[in-house]
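Asks: Keeping their order, the protein sequence lines are chains A and B.
Position one of the first sequence corresponds to residue 1 (the working numbering), numbered consecutively onward.
Position one of the second sequence corresponds to residue 1 (the working numbering), numbered consecutively onward.
Keep in mind the hints are simulated off the structure, nothing from the lab.
The model shown is predicted, which means the values in this text are computed figures rather than measured ones.
Possibly wrong hints are sitting among the right ones.
With a straight-line cut-off of 30 Å between C-alpha atoms, the simulated DSSO-like cross-links for lysine-lysine are [claimed, not checked]:
| no. | chain 1 | residue 1 | chain 2 | residue 2 |
| --- | --- | --- | --- | --- |
| 1 | A | K104 | B | K543 |
| 2 | B | K45 | A | K133 |
| 3 | A | K95 | B | K543 |
| 4 | A | K119 | B | K84 |
| 5 | A | K127 | B | K23 |
| 6 | B | K286 | B | K84 |
| 7 | B | K84 | A | K133 |
| 8 | A | K127 | B | K598 |
| 9 | A | K95 | B | K240 |
| 10 | B | K523 | A | K153 |
| 11 | B | K358 | A | K73 |
| 12 | A | K119 | B | K597 |
| 13 | A | K73 | B | K523 |
| 14 | B | K583 | A | K153 |
| 15 | B | K523 | A | K48 |
| 16 | A | K63 | B | K286 |
| 17 | A | K35 | A | K48 |
| 18 | A | K127 | B | K122 |
| 19 | B | K136 | A | K66 |
| 20 | A | K133 | B | K23 |
| 21 | A | K127 | B | K549 |
| 22 | A | K73 | B | K125 |
| 23 | B | K583 | A | K119 |
| 24 | A | K127 | B | K530 |
| 25 | B | K286 | A | K95 |
Computed list of chain B residues with no C-beta within reach of chain A, every gap over 10 Å [to be verified]:
| no. | residue |
| --- | --- |
| 26 | D219 |
| 27 | A260 |
| 28 | I312 |
No residue lacks a Cβ here, since even glycine has one placed at the ideal position from N, Cα and C.
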Amino acid sequence: MMKKDKNSEENLKAQNINSQELEQKIEELALAIDKVEDEKLLVQEQLKRALADYHNLLANSEKREKLRILQMKKSLFQETLPSLDGLMMAILSSKDIVLDEKGKAWLDGILATVESIYKSFASIGLKQYIPEKGEMFNNEKHEAIAAVEGSNKGEIIDVLQPGYFLDDIVIRPARVVVSK
Amino acid sequence: MSKIIGIDLGTTNSVMAFMEGGKPTVISNSQGGRLTPSVVAVDEKGEVLVGTPAKNQAVMNPEGTIYSVKRLIGRSWDDPEVEKDKKLLPFEMRKSSNGGIEVKMGDKWFTPQEVSAKVLSKMKKDAEDFLGEEVKEAVITVPAYFDDSQRQATKDAGKIAGLEVKRIVNEPTAAALAYGVDKGKDEKVAIFDLGGGTFDISILEMGDGVFEVLSTNGDTHLGGDDFDQKIIDYLADQFKNKEGIDLRDDRTALQRLREAAEKAKIELSSSEETEINIPYITASDKGPKHLREKITRSELEKLVMELIDKTIKPCEKALKDAKLSKEDIDQVLLVGGMSRMPAVQKKVEDFFGKEANKGVNPDEVVGLGAAIQGGVLGGDVKDITLLDVTPLSLGLETLGGVMTKLIERNTTIPVEKKQIFSTAADNQPAVEIHILQGEREMASDNKTLGRFVLDGIPTAPRGVPQIEVSFSIDANGILNVKAVDLATKKEQKITITASTGLKDDEIERMVEEAEKNAEEDKKKRSRAEKRNNADSLCFNVEKLISENKDKIDDSDKEDMEKKSEELKKLIEKDDFDEEEVEKKSDELMKVMQEVGKKMYEKASQESSAKEGTKSDEKEEKKDEEVKEGEVVD
Numbered sequence: 001m002m003k004k005d006k007n008s009e010e011n012l013k014a015q016n017i018n019s020q021e022l023e024q025k026i027e028e029l030a031l032a033i034d035k036v037e038d039e040k041l042l043v044q045e046q047l048k049r050a051l052a053d054y055h056n057l058l059a060n061s062e063k064r065e066k067l068r069i070l071q072m073k074k075s076l077f078q079e080t081l082p083s084l085d086g087l088m089m090a091i092l093s094s095k096d097i098v099l100d101e102k103g104k105a106w107l108d109g110i111l112a113t114v115e116s117i118y119k120s121f122a123s124i125g126l127k128q129y130i131p132e133k134g135e136m137f138n139n140e141k142h143e144a145i146a147a148v149e150g151s152n153k154g155e156i157i158d159v160l161q162p163g164y165f166l167d168d169i170v171i172r173p174a175r176v177v178v179s180k
Numbered sequence: 001m002s003k004i005i006g007i008d009l010g011t012t013n014s015v016m017a018f019m020e021g022g023k024p025t026v027i028s029n030s031q032g033g034r035l036t037p038s039v040v041a042v043d044e045k046g047e048v049l050v051g052t053p054a055k056n057q058a059v060m061n062p063e064g065t066i067y068s069v070k071r072l073i074g075r076s077w078d079d080p081e082v083e084k085d086k087k088l089l090p091f092e093m094r095k096s097s098n099g100g101i102e103v104k105m106g107d108k109w110f111t112p113q114e115v116s117a118k119v120l121s122k123m124k125k126d127a128e129d130f131l132g133e134e135v136k137e138a139v140i141t142v143p144a145y146f147d148d149s150q151r152q153a154t155k156d157a158g159k160i161a162g163l164e165v166k167r168i169v170n171e172p173t174a175a176a177l178a179y180g181v182d183k184g185k186d187e188k189v190a191i192f193d194l195g196g197g198t199f200d201i202s203i204l205e206m207g208d209g210v211f212e213v214l215s216t217n218g219d220t221h222l223g224g225d226d227f228d229q230k231i232i233d234y235l236a237d238q239f240k241n242k243e244g245i246d247l248r249d250d251r252t253a254l255q256r257l258r259e260a261a262e263k264a265k266i267e268l269s270s271s272e273e274t275e276i277n278i279p280y281i282t283a284s285d286k287g288p289k290h291l292r293e294k295i296t297r298s299e300l301e302k303l304v305m306e307l308i309d310k311t312i313k314p315c316e317k318a319l320k321d322a323k324l325s326k327e328d329i330d331q332v333l334l335v336g337g338m339s340r341m342p343a344v345q346k347k348v349e350d351f352f353g354k355e356a357n358k359g360v361n362p363d364e365v366v367g368l369g370a371a372i373q374g375g376v377l378g379g380d381v382k383d384i385t386l387l388d389v390t391p392l393s394l395g396l397e398t399l400g401g402v403m404t405k406l407i408e409r410n411t412t413i414p415v416e417k418k419q420i421f422s423t424a425a426d427n428q429p430a431v432e433i434h435i436l437q438g439e440r441e442m443a444s445d446n447k448t449l450g451r452f453v454l455d456g457i458p459t460a461p462r463g464v465p466q467i468e469v470s471f472s473i474d475a476n477g478i479l480n481v482k483a484v485d486l487a488t489k490k491e492q493k494i495t496i497t498a499s500t501g502l503k504d505d506e507i508e509r510m511v512e513e514a515e516k517n518a519e520e521d522k523k524k525r526s527r528a529e530k531r532n533n534a535d536s537l538c539f540n541v542e543k544l545i546s547e548n549k550d551k552i553d554d555s556d557k558e559d560m561e562k563k564s565e566e567l568k569k570l571i572e573k574d575d576f577d578e579e580e581v582e583k584k585s586d587e588l589m590k591v592m593q594e595v596g597k598k599m600y601e602k603a604s605q606e607s608s609a610k611e612g613t614k615s616d617e618k619e620e621k622k623d624e625e626v627k628e629g630e631v632v633d
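Given the sequences, and given the hints that come with them, work out the whole structure.
Replies: See the structure below:
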């Protein structure tokens, strides 16, 4: 009996220890669950943001793609425009030169070539724009390089460089002299 | 949740960016541009222009075009820096009623905050177009040397533009963020920022997530524009020596020279030699002249060395102020477009004795950093905790005109500091709290941020009353000061909106005005467009008639002329009726289309009569294009 009693006491003790250990275990597990829950919330939050970014990206991708192409074309043309300006000045300066028949034919050929260059550029969206003298200044399409005394305020007096549109966007305003 | 965008509100240009997929991305405007010129103007008709359109009309409206307003924002009229700028800037300025500055655009006066707000409004709108959602919150960067009133003024500009400014961040701090500088490491970083018009050098100390500005220096009038001018002058001088013609006298030539000089400067950053080639740049009686000039990198460097050398003294001073030697600097970051130039990089690297970091686009790095900060605040970025610091010490005036500091410079913000003060005389009924900012010992040498009086102190011998003064700075660096008499619990407080700053109700009014003006501007623009369209329609009609006199029936001609005259008369008046103009324009357009149709029909009848001939239309078009070319002369 005594032995039995002793046994049961020991059992009880063991049980106590066990339950203490268990409680500790449970506490540890609860903490671990909390940690996992926190991590889950964080991951969920990140997932939500990533999904939102992804959806926005999808929704905007067409627009962005267009913008990217526009930017590429824009930088390509901006690189080319000074050469076009040179060509233009070359043609303009020909009027100060007395040309014989051969020379005139040669100039015609150059003019035709220039025309075909502009045509090719036009097919990819580049359009040259030369304001008329007397036209009113427009701050979207024109850039005033100088303002001089004139009769009609805001009127274009001289055009220094043509402007260029790319798909209806001004990539270079026409450089003009304006009356003030 | 809407995005918090990052804005680099620059002296010459502004950039904005946002966080996408964990990375900062620059926001482009609808025209594909990544930079917005920080230029605002009011034109003849009273319309407000911002960015490129404002820049385009600057020379014809110098008094009404405001640029470099960042040089003025939050400063007082008597500021020595402002004295300098008053001589350089072409627009009209005056002292405002609170000692600040106002600039004139059109016939109205504006505070620098309102002008900056117009740039910010445009950027807000462009960002909304780009993102496809409303943008309400932003992080804006300012130079590290900006004091409290300049920061507050920048914040007010955001508010007027309808943006909640979540944080004002130092530009070098933003640059360091964009470069991904490891905040965990204890490092000292030099940020070398050579932009379009200004040069800044900042020494930052990093550690424990804190970016501490140890010192700043610079030259407020040194930048890329000075470099371009040197190249232009060199090329023009060379040309003058050879040809005897000064290209600076010829506007077209000068414009082409300016573009070529800038291009050459960029090309010489990556190659050793470039040829500047401007055919037909001018003409003499001997025929056309071309500019063909080879320029090597070393020649360019010789030209601009004097400018590059100017950056060194500020670097030395910044190190001295930070009490550091060159060897103490762990990293050097390059910011600003001019830092692309190899000679600039070499100078910086030679000076600091180490290779500089140059991985991020120097024009965009500050804007990208601001976006990262926006990401941190919005929860998009997790692994950074960024703390900012106060750039200058804050305190109050005490007995003998001494400044007693409550918050030392470079204290991490937000922060709150309290101290007990007392009276200086027996039975003193009130104390004046004179709030100061600066590093000098005497109150009079520092900047006054505000004053207030706490009265009703019970009579007592000097030194007995206990007045608790607390200074608190919020995350944006905005200061609140409170004084409490501990005996009576009576208190007085003030929020420093800076001496030249704006009061809340003033900001409210400006926000309202900005909103109201937006509506009015829209209306004005629509009217202007209608008038322009009508005007160009009349012009086209006249052109059509004069070029095709014999191809148009007399009755049609008369009809068009009559309608065009009527329309012209209508739009002559400032208060024209929009609907009527639209109606008349439509009518005229219809007649014009009719006439055009008739002309084509006639032409095709004629061409079918003459078999085998080429299309007239094509011939005509060619003629026309050549004619257009002549107009340029």
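Asks: Confirm or reject each hint.
Replies: A quick look at each hint next to the structure:
no.	hint	result
1	A:K104 / B:K543	holds (29 Å)
2	B:K45 / A:K133	holds (22 Å)
3	A:K95 / B:K543	holds (24 Å)
4	A:K119 / B:K84	violated (52 Å)
5	A:K127 / B:K23	violated (36 Å)
6	B:K286 / B:K84	violated (47 Å)
7	B:K84 / A:K133	violated (40 Å)
8	A:K127 / B:K598	holds (28 Å)
9	A:K95 / B:K240	holds (25 Å)
10	B:K523 / A:K153	holds (23 Å)
11	B:K358 / A:K73	holds (27 Å)
12	A:K119 / B:K597	holds (25 Å)
13	A:K73 / B:K523	violated (33 Å)
14	B:K583 / A:K153	holds (28 Å)
15	B:K523 / A:K48	violated (41 Å)
16	A:K63 / B:K286	violated (53 Å)
17	A:K35 / A:K48	holds (20 Å)
18	A:K127 / B:K122	holds (27 Å)
19	B:K136 / A:K66	holds (26 Å)
20	A:K133 / B:K23	violated (49 Å)
21	A:K127 / B:K549	holds (28 Å)
22	A:K73 / B:K125	holds (24 Å)
23	B:K583 / A:K119	violated (36 Å)
24	A:K127 / B:K530	holds (23 Å)
25	B:K286 / A:K95	holds (14 Å)
26	D219	holds (29 Å)
27	A260	violated (7 Å)
28	I312	holds (34 Å)
Hint compliance for this structure: hints 4, 5, 6, 7, 13, 15, 16, 20, 23, 27 are broken, all remaining hints hold.
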